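There are 2 protein chains.
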Amino acid sequence: MNRYSAKEELILQAAEALFLTKGYTNTSTTEIAQKAGCNQALVHYYFRTKENLFQQIFIKKVMSLFAEFMKTRPAGMDFTESLRERMGMYFDFIEANKQLPFMVINELAANLERRQAFCEELRTNPIYTQLYRQFDDEVQREIQAGRICPIDTTDLYMDIISLTICTFITLPTYRVLLQFDNEAEKQYIRRRKEELITTIQKRLRP
Amino acid sequence: MNRYSAKEELILQAAEALFLTKGYTNTSTTEIAQKAGCNQALVHYYFRTKENLFQQIFIKKVMSLFAEFMKTRPAGMDFTESLRERMGMYFDFIEANKQLPFMVINELAANLERRQAFCEELRTNPIYTQLYRQFDDEVQREIQAGRICPIDTTDLYMDIISLTICTFITLPTYRVLLQFDNEAEKQYIRRRKEELITTIQKRLRP
DNA sequence: AGCGTATTTAATAGGTTTATTAAAATTGGC
DNA sequence: GCCAATTTTAATAAACCTATTAAATACGCT
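Chains as they are written, first to last, in this note's numbering: chain A, 1 to 206; chain B, 1001 to 1206.
Please note that the accuracy of each hint is not assured.
Straight-line C-alpha distance at most 25 Å; calculated BS3-like pairs for lysine-lysine [to be verified]:
1) LYS50(A) with LYS35(A)
2) LYS22(A) with LYS1186(B)
3) LYS1193(B) with LYS202(A)
4) LYS1061(B) with LYS22(A)
5) LYS60(A) with LYS50(A)
6) LYS98(A) with LYS186(A)
7) LYS1098(B) with LYS1035(B)
8) LYS193(A) with LYS1007(B)
9) LYS1050(B) with LYS98(A)
10) LYS1022(B) with LYS50(A)
11) LYS1202(B) with LYS1022(B)
12) LYS193(A) with LYS1060(B)
13) LYS1186(B) with LYS1061(B)
14) LYS22(A) with LYS1050(B)
15) LYS1035(B) with LYS1061(B)
16) LYS1022(B) with LYS98(A)
17) LYS7(A) with LYS50(A)
18) LYS1050(B) with LYS61(A)
19) LYS1007(B) with LYS1022(B)
20) LYS1035(B) with LYS1060(B)
21) LYS1007(B) with LYS22(A)
22) LYS202(A) with LYS1202(B)
Calculated from the structure, these hints are not laboratory results.
Owing to the predicted nature of the structure, the values given are computational and were not obtained by experimental measurement.
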């Protein structure tokens, strides 16, 4: 079941929400405690240090982000179809976790140690290496069969995450700049999703 | 000439380097003073507040980023050619200012007031509105002439900055992950630049 | 040389932050 | 219903950060 106590869970949730929206430095343990409805000392009682608490949330979240795209290819589809499917899923996942890209970018870019720990995990954990290899194999097969044009798998992956992530990274600014109301924003996001899929499909045409 | 005194200039430089790499919150005025080789009080003497100092650097930098792409179309080229040229220039500009995207993302996303001030500037300053309108006109003309396929100008612009910026946002991580040495990194960046141009050109094909 | 202004510093007030400690409250087993 | 372990709190130490103030130093001008 749940290896966390109720309060511990509340603290984790509060911390996650705050770290995601405000980043590591801008979030204080006092604030986390407040949001979780407990004393600040309790945060340290359960997690000892702020860094510790952050790591637990960070690793979990970031890995889910990476794994989302590399998910096993849905059965009974050709590559192009399944890629479209996966891009859609990835895009939706980030839409549902709009703040995640910010946290990842901030913490990975700002902190060498965290970056190294993260890369170490990515390089050594067979879950991720296998997922990547599998995706790469698919791409190579399609290229050899002439169904898509030659492209480096890294580039393809980068293109997809770039177009996805930047949509949400620029969103807060676009919201102000283009004066989105709720409906306009939804529509914009839908359009960006279409644009992502179109662009990648055209990119892959032989 | 230079309206800054020598020490003032040193402080600005130190602050710029630090804000760019570590962000606003993670940089202290003490640190800036240290790097500039002066007393911490001097930072406040010249710029009164840390926020003030930051603004001066931020506005200048961000506006140069936006303006770079919208530069007037180089003469004697057709649109496709000139677009390629401009994408190259934009990419190179960001390569020469690798840290800039981080600062922009962080500060615009994290701080509503800054975002509003920035958007206000972008919306009202004729330099930027004109540059954008001009680019939009070009795109419309090309579409009507059937030389490129229909696309929303906002989408086209977003695609370009996405592919450019994400290259450098992920770079610190890729550096560790793919264990780049100097040469490998350069090569990777060159490849990403090609990929950007290829992808956009294919995207625009009728 | 000497006065007045601009620059630079040391010292410090006032605030916030993380982390610890010791005591109080709560819970579950018997 | 009491004891012991767990959970929670209040209080506070120690570090650090921004901003200010008043004093010291350098500088330009006559």
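* Is LYS1202(B) close enough to LYS1022(B), meaning Cα to Cα at most 25 Å? -> violated, 37 Å
* Would the pair LYS50(A) and LYS35(A) pass a check requiring their Cα atoms to be no farther apart than 25 Å? -> holds, 15 Å
* Asked: Within a Cα-Cα threshold of 25 Å, do LYS1193(B) and LYS202(A) meet the stated pairing?
  -> Holds, at about 18 Å.
* Sort out whether LYS1022(B) lies within 25 Å of LYS1007(B), counting only the CA atoms. => holds, 22 Å
* **25 Å limit on alpha-carbon distance, applied to hinted pair LYS7(A) and LYS50(A)** => holds, 16 Å
* Asked: CA of LYS22(A) to CA of LYS1050(B), is that 25 Å or under?
  -> holds, 19 Å
* CA of LYS1050(B) to CA of LYS98(A), is that 25 Å or under? -> violated, 30 Å
* Asked: Do the alpha carbons of LYS98(A) and LYS186(A) lie within 25 Å of each other, as the hint requires?
  -> holds, 13 Å
* **Straight-line alpha-carbon gap LYS1022(B) to LYS50(A), limit 25 Å** => holds, 19 Å
* Holds or violated: are the alpha carbons of LYS1035(B) and LYS1060(B) at most 25 Å from each other? -> holds, 21 Å
* **25 Å Cα cutoff - pair LYS1061(B), LYS22(A)** => Holds, at about 23 Å.
* Below or equal to 25 Å on CA atoms is what counts here, so check LYS60(A) against LYS50(A). => It holds: about 16 Å lies between the C-alpha atoms, which stays within 25 Å.
Going down the numbered hints, you'll see the structure goes against 2, 8, 9, 11, 12, 18, 21, while the others check out.
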